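Top to bottom, those sequences are chains G and B.
With the first letter of the first sequence counted as 1, position 245 gets the number 245 in the numbering used here; the numbers rise by one all the way through.
With the first letter of the second sequence counted as 1, position 194 gets the number 194 in the numbering used here; the numbers rise by one all the way through.
Hint data in this document are derived by calculation from the structure and do not stem from the laboratory.
If you're wondering where the values come from, they're calculated on a predicted model, not measured in any experiment.
A hint or two may mislead.
A few chain G residues that face chain B, going by a derived Cβ cut-off under 7 angstroms, partial list only [claimed, not checked]:
id, residue
1, Leu314
2, Pro333
3, Trp415
4, Thr416
Distance condition first, Cα-Cα at most 20 angstroms in a straight line; then the derived EDC-like pairs of lysine to aspartate or glutamate [claimed, not checked]:
id, chain 1, residue 1, chain 2, residue 2
5, G, Lys464, G, Asp493
6, G, Lys569, G, Asp601
7, B, Lys62, G, Asp440
8, B, Lys75, G, Glu205
9, G, Lys462, G, Asp440
10, B, Lys198, B, Glu209
11, G, Lys598, G, Glu467
12, B, Lys134, G, Glu453
13, B, Lys75, G, Asp437
14, B, Lys60, G, Asp440
15, G, Lys320, B, Glu63
16, B, Lys62, G, Glu413
17, B, Lys134, B, Glu202
18, G, Lys597, G, Glu518
19, B, Lys75, G, Glu571
20, G, Lys306, G, Glu205
21, B, Lys75, G, Asp460
For glycine and all other residues, C-beta sits at the position ideal for the given N, C-alpha and C.
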Amino acid sequence: MEEEHQDREQPEIVRCSEPQSHCSPDDTDSLKAAATITLDNTSPAEQGCGTEDPPPCKLDALQEISSTNGPSEPEPEPEPEPEPQPQPQPQGPGGEGPLEASSDQGKVGAGEENGPSEPEGPAVEDDQPENASDSASTDNTLEDSSEFVVTVLARGSLEDQGEGPSSELSEASSPAQAPAPSHRDEDVTAESWRRHRKHVFVLSEAGKPIYSRYGNEEALSSTMGVMMALVSFVQSGDNTIRSIYSGEHGTDEHTVVFMQQGPLVLVSVSCSRQSEQQLRSELLYVYNQIVSMLTQASINRIFERKKNYDLRRLLAGSEKILDGLLNLVDSDPSFLLSAVHCLPLASSLRDSLSQILQKAITPNLVFSILIAKNQLLTIVQEKTVIEDARLEPADLHLLLNLIGASSAFQAGEIWTPICLPLFNPDCYFYAYISYLDPPDCTVCLLLLSTDKEAFYAVADCKRKIDEGMRTQNALRAIAKAQSYSASQVGVSDLRHFMYKPFDVPDNHRQLTQFTSPEMEAPYSSEEERTRLLDLYRYMHSRIHSNSRPLKLIYHVAERETLLAWVTSKFELYTCFSPLVTKASAINAITKLLRWIKKEEDRLFIRNPPKYSTTPNPSKSSRGGKGGPDRQDTTDNGFLSLL
Amino acid sequence: MKVKYNIDIVASSPLRVIKRRVSRAMPDSGKMKKPDVKLVILGDMNVGKTSLLHRYMERKFKETISTIGGAFFLKQWGPYTISIWDTAGREQFHGLGSMYCRGASAVILTYDVTNWQSLAELEERFLSLTDTAKDDCIFAIVGNKADLTDPKVLEVEPEEEGTGQPPVCSPPTVSPIVRKQVQREEAIALYGRILRYKLQDERSSLPAERMCFETSAKTATMWTCCSRHCLTWSFPPS
Ligand SMILES: Nc1nc2c(ncn2[C@@H]2O[C@H](COP(=O)(O)OP(=O)(O)OP(=O)(O)O)[C@@H](O)[C@H]2O)c(=O)[nH]1
Ligand SMILES: [Mg+2]
Chain G
1 MEEEHQDREQ PEIVRCSEPQ SHCSPDDTDS LKAAATITLD NTSPAEQGCG TEDPPPCKLD
61 ALQEISSTNG PSEPEPEPEP EPEPQPQPQP QGPGGEGPLE ASSDQGKVGA GEENGPSEPE
121 GPAVEDDQPE NASDSASTDN TLEDSSEFVV TVLARGSLED QGEGPSSELS EASSPAQAPA
181 PSHRDEDVTA ESWRRHRKHV FVLSEAGKPI YSRYGNEEAL SSTMGVMMAL VSFVQSGDNT
241 IRSIYSGEHG TDEHTVVFMQ QGPLVLVSVS CSRQSEQQLR SELLYVYNQI VSMLTQASIN
301 RIFERKKNYD LRRLLAGSEK ILDGLLNLVD SDPSFLLSAV HCLPLASSLR DSLSQILQKA
361 ITPNLVFSIL IAKNQLLTIV QEKTVIEDAR LEPADLHLLL NLIGASSAFQ AGEIWTPICL
421 PLFNPDCYFY AYISYLDPPD CTVCLLLLST DKEAFYAVAD CKRKIDEGMR TQNALRAIAK
481 AQSYSASQVG VSDLRHFMYK PFDVPDNHRQ LTQFTSPEME APYSSEEERT RLLDLYRYMH
541 SRIHSNSRPL KLIYHVAERE TLLAWVTSKF ELYTCFSPLV TKASAINAIT KLLRWIKKEE
601 DRLFIRNPPK YSTTPNPSKS SRGGKGGPDR QDTTDNGFLS LL
Chain B
1 MKVKYNIDIV ASSPLRVIKR RVSRAMPDSG KMKKPDVKLV ILGDMNVGKT SLLHRYMERK
61 FKETISTIGG AFFLKQWGPY TISIWDTAGR EQFHGLGSMY CRGASAVILT YDVTNWQSLA
121 ELEERFLSLT DTAKDDCIFA IVGNKADLTD PKVLEVEPEE EGTGQPPVCS PPTVSPIVRK
181 QVQREEAIAL YGRILRYKLQ DERSSLPAER MCFETSAKTA TMWTCCSRHC LTWSFPPS
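This is chain G alone, in the form it adopts within the complex (with noise of 0.2 angstroms):
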C-alpha cells in the first residue's frame, strides 16, 4: 500500500528539491543550525584531551573552551584551535565549503509560512540555538521577569553554591577531578557537577526537594528554594514560568524548563540544545514515572494535607527508576517518537508467543506482556479493556524503565503495584513480573492484573506460558531474534534511519511503534551516538514545531546529511553518509520505504490479539477509562501512615 502513495510524494520530493537556492530564510535559518551543530560534532574530539570523563558533559565542555575569550575561564584545554570554526559560520552563509552547505525547506506543506514573512535575520539571533528562536514567542508574557528570572538562574540556582571563594576554589581543582563515585553523592558545588548535559529536579510547591537526577537533593535544598522561589514570583503575576533561555553569546547556553504538575514542581535544566517542547515532555515522563509508583490522586491527597509532606519518603529507593529513566530518554529515541520499539521477529514466532500468553488467562487480567532486551516481543490484551482505553506508548515506556532500571525483579516473582498514568492515573494495576529464563534474565514477563488479591493465579498463568515456551522452543527462537543493520536495506549511503508508521491496519489505534536499525559505525561509541541523537531530536524540532512546522527537512550536517520526512502515514528520519546527494538520498528513501514495506510483518506487531477473561469480568475493568479498581487508590495504605 505504501506503493502508491509513494508514487504520489515522490515527485513532491524532488520539486521540493528544486528550490534550493531561493529558499534562503530557510537557509540561513538552518546554516545557524548547522552551526550549532558542528559546534557539537567537535566536541568529542575536544573530548577526549580533557580530563573529563563523564561524556554527556561535551557540550559544556565545549562551551568552556568557546568562553576562552572571556577572561574569567581558566585554560582547561590545551587546543582552543577549534574554537573560532563555529563561530563565523552563522554569519557567513556564502563561505563554508559544500558539505557544510545546508538547507532545509518546508515546501510540502509549510512552505507558505516561511516565505517571505520570516524577518528574522542573522543579527537577532546569533548565539541562540535553533530551538529558542522557535520557541521564543511562549515566554514573551515573562517580559521583565524573565530577565531577572534567567540572571538568577544562571548565577543563582546553576551556581548558587559555588559563587565566590569555594567557585574559585573547586575550577582551580577540577582538572584533578576524581571520577564521581555515584550521582548521589555529587558534590554539588564541583565544576562537574554544574556541566552535566541535562539536570533534572523534582520539588513540591512547598519547595521541598524531591528528586535531583545528580547529587544528593538535600545539598541542594537551596538551589531548589531559588527555583521554587521563581516559580511563585512568577505566578504571583498570573504567569506560569514556562521556560527561560539564558547564556551570553554561547557561552554557557542552558535552557530552563518549568512545569508544575498537581503539587509538584519539575525543572529541567539543560544544555543539550533541545527545544523546549521536547524537555517539557521529558518532564512530563519523569512526572509520570512517579505516577506510576504513587497515583496521581494519592500524590495530590498527600499534599492537600499537608502541605510540606516530604515525597522522598515514598520516593525512596526510587531514585534509581527515575535516574534510569532519564538515562533513557537521553539514549532512546522511543521516547522523542512516543512510540514503542518492538523487537524484529518472524511473523509466525510471534503469533505464537501471542497464542502462549492468550491461552495463560485469569480473570481480572488485562494486558500480559513479553519483553525481551528491553524491546517488545508482543502484547496480549483483554477486549474488554481496550475498547475503553488503549495502552499508550508512553506507559509502556515507564514500563519498560521499570523493568531495565531494576536488577530486583531478576530474582523469584515478582507482584506489585504500579499505575499506569496515561491509561489512568489513579488506580494502580498489580504486576506480575519474572524472567523466562532466570540465569540470564533476558526474557520478561509481565502480567497486569487489576486484582491485588490475583497473585497465586496469575503466577500460575505464568507457569502455562514457561510450559507453552517450552514445547515451543520458543526461548531458543526468541535469543535469535536480533535487532537489523541498516546495510540490510541494500541502499548505500543509508546510515541509520528512524520509521515510524501511522498506518499499519488494527494497530496504530493500540499502539504507536516505530522501527530502527541497530546504531553501528559511525554511530557505535557513546559520544557519536548521542551525536546522531541530537540531530534527530534537531530535526525532530524543527518538524513539530510549534510555530513553524515543516514537514520535509533536507540537512547537511558537517559528517552526515540527514532527511526528515512527515506525511499522513509516517513520520521519517533518515541518515546519510555526507556524500550524498539530494537525488539519490529521496531515491534512497523510496527503496528503504519498500524494503519497510515489505518486512512489515516482521517490524511491526501488526495484530495485536486479544483475550477475553469476562467469565468473570468482577468488580474491575469496565465503565470508561475505570480500568483497575477505583477503591483500590486509596488501598496502597500509605496514606493512612501521615
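Since the structure of chain G is provided, determine the placement of chain B with the ligands on it from the hints.
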C-alpha cells in the same frame, strides 16, 4: 544441616499446610507445586531482608537493590515446598503487606541492630500487617548487620557450610565499628508484646530466647539453623 532444617519445619508445623489460599490459585493442572508453608519476611527498608534471603538461598552475600513490591520464591525441602515472600520495606508498598501475609505460617520480622528506628517500625508499621497471617503463626525477630557492631563476631567462625567454596566475603577487618543501637533484650520484649497482640499464649509459644536473635547476612557467621522446633534462622548451637 539442610535435613535438620527440614525436620524442624515438619516438627513445627505438621498441620500448617496452607490449603485454602494456595489451592484456589492452583487448578488441577497446576504446575506450581503446592506450597506447604508460607513464610514472610517483613521489616523496614535497608535492614537486609533480601540479603538474608540470598544468604539463605544461595549461601552468599551479594549486592542487592531495594526490593519492589514483593518477591516470591518457592523453595523445595525434600517433599515440602516452602513459599517465601521477600517484601519491600519501603512505605510506598505498605498496602500490599497484608496480601503477602495472608495465611502465613511464619513471619520473620527483621531489623537492623545499628538502627533503633528499624526496630520501632516493626511494631508501628509491620505488626498489623500480620493480622492476615494464621492465628498460630510463628514469629521470629531477627536483628541483622551484627557484623557492623561486634568485631569479635567476625573472628569466631569462618564459613561453615562446608561447600568447599571460598568464603564469599572475607571479614571486613578494617571496617569501622558502628554503635549498636538495639539490644537483644529490646527485641525479646517486643516478642512478648507480639504474642500478646496475636493473643497467643506465651507459655505454649516458642520461647523468646530462641525466636529473637542477631545475625549478619554479610559474614554469615551466625547463619545456620538450630532450633529444634521452629522455622527460624538462628545461631548455631554452641
Ligand atoms: N554490613 C552488613 N550490611 C548488610 C547486611 N545485610 C545487608 N546489608 C546491606 O544493607 C543494604 C540493604 O540490604 P537489603 O537486603 O537490600 O535490604 P532490604 O531489607 O531487602 O531492603 P528493601 O528491599 O528496600 O526493603 C545493602 O547495601 C546490603 O549490602 C549485613 O549483615 N551486614
Ligand atoms: Mg529487599
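TODO: Hint by hint, work out which the structure violates, then give me just those numbers in ascending order.
DONE: Hints 2, 5, 8, 11, 19 contradicted; others consistent.
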